[in-house]
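Going by our numbering, the first residue of the sequence shown is number 285, and it counts up by one from there.
Honestly, the hints are just simulated from the structure, not real lab data.
Treat the hints with caution; some may be incorrect.
As the list claims (entries may be wrong) - Have a look at the derived ranges for each label pair, beta carbon to beta carbon:
| hint | residue 1 | residue 2 | range |
| --- | --- | --- | --- |
| 1 | Glu334 | Thr565 | 31 to 37 Å |
| 2 | His558 | Val495 | 24 to 30 Å |
| 3 | Asp289 | Phe484 | 40 to 46 Å |
| 4 | Lys564 | Leu467 | 24 to 30 Å |
| 5 | Ile384 | Tyr480 | 27 to 33 Å |
Stated by the list, open to error - Result set (DSS-like, lysine-lysine): computed pairs, CA atoms no more than 30 Å apart in a straight line:
| hint | residue 1 | residue 2 |
| --- | --- | --- |
| 6 | Lys343 | Lys287 |
| 7 | Lys556 | Lys606 |
| 8 | Lys503 | Lys423 |
| 9 | Lys390 | Lys619 |
| 10 | Lys390 | Lys564 |
| 11 | Lys343 | Lys556 |
| 12 | Lys390 | Lys423 |
| 13 | Lys503 | Lys342 |
| 14 | Lys423 | Lys342 |
| 15 | Lys604 | Lys619 |
| 16 | Lys387 | Lys503 |
| 17 | Lys619 | Lys556 |
| 18 | Lys387 | Lys287 |
| 19 | Lys342 | Lys557 |
| 20 | Lys556 | Lys604 |
| 21 | Lys390 | Lys557 |
| 22 | Lys556 | Lys387 |
| 23 | Lys606 | Lys557 |
| 24 | Lys390 | Lys606 |
| 25 | Lys564 | Lys423 |
| 26 | Lys287 | Lys339 |
| 27 | Lys342 | Lys387 |
| 28 | Lys393 | Lys503 |
| 29 | Lys606 | Lys619 |
| 30 | Lys564 | Lys503 |
| 31 | Lys557 | Lys619 |
| 32 | Lys390 | Lys604 |
| 33 | Lys503 | Lys556 |
| 34 | Lys564 | Lys619 |
| 35 | Lys557 | Lys503 |
| 36 | Lys604 | Lys557 |
| 37 | Lys390 | Lys339 |
| 38 | Lys343 | Lys503 |
| 39 | Lys557 | Lys387 |
| 40 | Lys423 | Lys393 |
Backbone N, C-alpha and C fix where the C-beta goes; we use that ideal spot for every residue, glycine too.
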Amino acid sequence: MNKTDLQHFLTHLTEEELFLRENPEYIPTPKHIEMIETEEYGSIFSLSFETEQEKLRKKGLPFTNHFLIARQTRFYEIEMHQHNFVEMFIIYSGSATTIIQGKEVKLRKGNVCILDTAVPHAVEPLGEDDVLINFLMHKNFFTTTILNLLSSNDIISRFLLKVISTTHNHDHYIIFENNDMELLFNHIENLMCEYYSPTFSINEIVNAYMVLIFSELIKNYQRDETESHKLSNQTFIGEIIQYISENYTTCSLNSVAEYFNFHPNYLSRYIKKHIGYSYKTLVQQQRLNQASFLLLNTDLPIGEIADEIGYSNHDFFYQKFKSCFNMTPNQYRQKHRK
């Protein structure tokens, strides 16, 4: 599929959408979808990655084992639901109004929202000029491809670490504004062109483009936030995180505070306020990010990896790694390399 065909595919009205537009009172009844009870929202739908694969199969659309693309049907309200996969929805044109964990979130062209598993959300009916693209990702997608990002991109690494962890609550989301969207949309369109004309190497192509897309999201986020904080004459938390990520094996709270001309107590409170946990936890997370990268991409003995990331006490390293990933470093290496 080329980009002209893709534009037509994304914007033309399907027979289903034509019917829904002419019959706004019609409410489709979902079939074979599990309902669950929640304290805040009562009965809501619970979707699975496998049921979404089956929907695409019945429509004759392509799908892979761990990654799906679907365009949101217009003129149709998506009622409150949650699912066992990670969803990234992209506002390709127009706008969309979503309800995420009971909060109304208005999104415009270029905005990207990534939802973790088990996040209750709904989408109000889209208009004719609104195009919302869904990227649906099984948790295994991240454990095999995107972990490479975790060693160098702290803004999203905390989110993805929680996605693949079995010990964290899965109830969070992240929104990217993307004021500069040209390169991001180019990657998205190239990926979709490949996805809808799949070859034997489609999995590798999807992986490569998703790394580019995540990297572009992070770059835009950093640029937008840095400019905002420059205007207000504040130190951007991203600058602090970046400094720590580059010096995590040697820096201390005092040395970082001295570098940014902060009192250590103030820096500690500032980090806690902006990212939700302490300086000590931030450094530990960075070390574990790097450990996961080295386990997947090198043959270094685990003891050497512990030394390289600053854990001279190997037992303590094993304890922290298992607490984060719910498996030992050796089990992690064997599972994800397989």
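Verification of the hints:
In this structure the supplied range 31 to 37 Å holds for Glu334 paired with Thr565, their Cβ-Cβ distance being about 35 Å. One distance hint, 24 to 30 Å for the beta-carbon pair His558 and Val495, holds here, with the actual separation near 26 Å. Distance hint check: the CB atoms of Asp289 and Phe484 are about 21 Å apart, inconsistent with the given range 40 to 46 Å. Judged by the Cβ atoms, the range 24 to 30 Å given for Lys564 and Leu467 is violated: they are separated by roughly 36 Å.
Between Ile384 and Tyr480 the Cβ separation comes to about 28 Å, which falls inside the hinted range of 27 to 33 Å. For the proposed pair Lys343 and Lys287, the alpha carbon gap of about 21 Å is at most 30 Å, so the pair holds. About 24 Å separates the Cα atoms of Lys556 and Lys606, which keeps this hinted pair within 30 Å; it holds. Distance restraint check for Lys503 and Lys423: the Cα-Cα separation of roughly 24 Å lies within the 30 Å cut-off, and the hinted pair is therefore satisfied.
With a C-alpha separation of about 40 Å, the suggested pairing of Lys390 with Lys619 is violated against the 30 Å cut-off. For the hint linking Lys390 to Lys564, the alpha-carbon distance of about 35 Å lies beyond 30 Å, and the restraint is violated. For a cut-off of 30 Å, the pair hint linking Lys343 to Lys556 is broken: about 47 Å separates their Cα positions. This hinted pair checks out: Lys390 and Lys423 have alpha carbons roughly 27 Å apart, not beyond 30 Å.
Proximity of Lys503 to Lys342 is assessed by CA-CA distance (about 38 Å); at most 30 Å being required, the pair is judged violated. A distance of roughly 23 Å separates the Cα atoms of Lys423 and Lys342; the hinted pair therefore holds under the 30 Å criterion. The suggested pairing of Lys604 with Lys619 holds, with an alpha-carbon distance near 18 Å, which does not exceed 30 Å. Restraint check for Lys387 and Lys503: the C-alpha separation of about 27 Å stays at or below 30 Å, so the hint holds.
With a CA separation close to 33 Å, the supplied pair Lys619 and Lys556 exceeds the 30 Å bound. With a C-alpha separation of about 35 Å, the suggested pair Lys387 and Lys287 falls outside the 30 Å cut-off, and the hint is violated. Distance hint between Lys342 and Lys557 is unfulfilled; the C-alpha atoms sit about 48 Å from each other, more than 30 Å. Only pairs whose Cα atoms come within 30 Å are accepted, and Lys556 paired with Lys604 is accepted, the gap being roughly 20 Å.
A distance of roughly 25 Å separates the Cα atoms of Lys390 and Lys557; the hinted pair therefore holds under the 30 Å criterion. A hinted pair counts as satisfied when its Cα atoms are at most 30 Å apart, and Lys556 with Lys387 qualifies at roughly 24 Å. The hinted pair formed by Lys606 and Lys557 meets the criterion: a straight-line CA distance of about 27 Å does not exceed 30 Å. For the suggested pair Lys390 and Lys606, the alpha carbons sit about 39 Å apart, so the restraint of at most 30 Å is broken.
Simply put, Lys564 and Lys423 have alpha-carbon atoms about 27 Å apart, close enough for the 30 Å limit, and the pair holds. Between Lys287 and Lys339, the direct Cα distance comes to roughly 24 Å. Compliance with the 30 Å bound is thereby established for this hinted pair. Between Lys342 and Lys387 the CA atoms are separated by roughly 33 Å; this puts the pair beyond 30 Å, and the hint is violated. For the suggested pair Lys393 and Lys503, the alpha carbons sit about 18 Å apart, so the restraint of at most 30 Å is met.
Among the hinted pairs, Lys606 with Lys619 is consistent with the structure: their alpha-carbon atoms are about 14 Å apart, no more than 30 Å. The hinted pair formed by Lys564 and Lys503 meets the criterion: a straight-line CA distance of about 25 Å does not exceed 30 Å. For the hint pairing Lys557 with Lys619, the CA-to-CA distance comes to about 36 Å; that exceeds 30 Å, so the pair is violated. Restraint check: the Cα-Cα separation between Lys390 and Lys604 comes to about 39 Å, which exceeds 30 Å; the hinted pair is violated.
About 23 Å separates the Cα atoms of Lys503 and Lys556, which keeps this hinted pair within 30 Å; it holds. Straight-line distance between C-alpha atoms of Lys564 and Lys619 comes to about 29 Å, which keeps the hinted pair within the 30 Å bound. Note on Lys557 and Lys503: the hinted pairing holds, with a Cα-Cα distance of about 22 Å set against a maximum of 30 Å. Only pairs whose Cα atoms come within 30 Å are accepted, and Lys604 paired with Lys557 is accepted, the gap being roughly 23 Å.
Between Lys390 and Lys339, the direct Cα distance comes to roughly 27 Å. Compliance with the 30 Å bound is thereby established for this hinted pair. Restraint check for Lys343 and Lys503: the C-alpha separation of about 36 Å exceeds 30 Å, so the hint is violated. Of the pairs offered as hints, the one joining Lys557 and Lys387 holds, with about 21 Å between alpha carbons and a cut-off of 30 Å not exceeded. The hinted pair formed by Lys423 and Lys393 meets the criterion: a straight-line CA distance of about 27 Å does not exceed 30 Å.
In this structure, the hints that do not hold are numbers 3, 4, 9, 10, 11, 13, 17, 18, 19, 24, 27, 31, 32, 38, in rising order.
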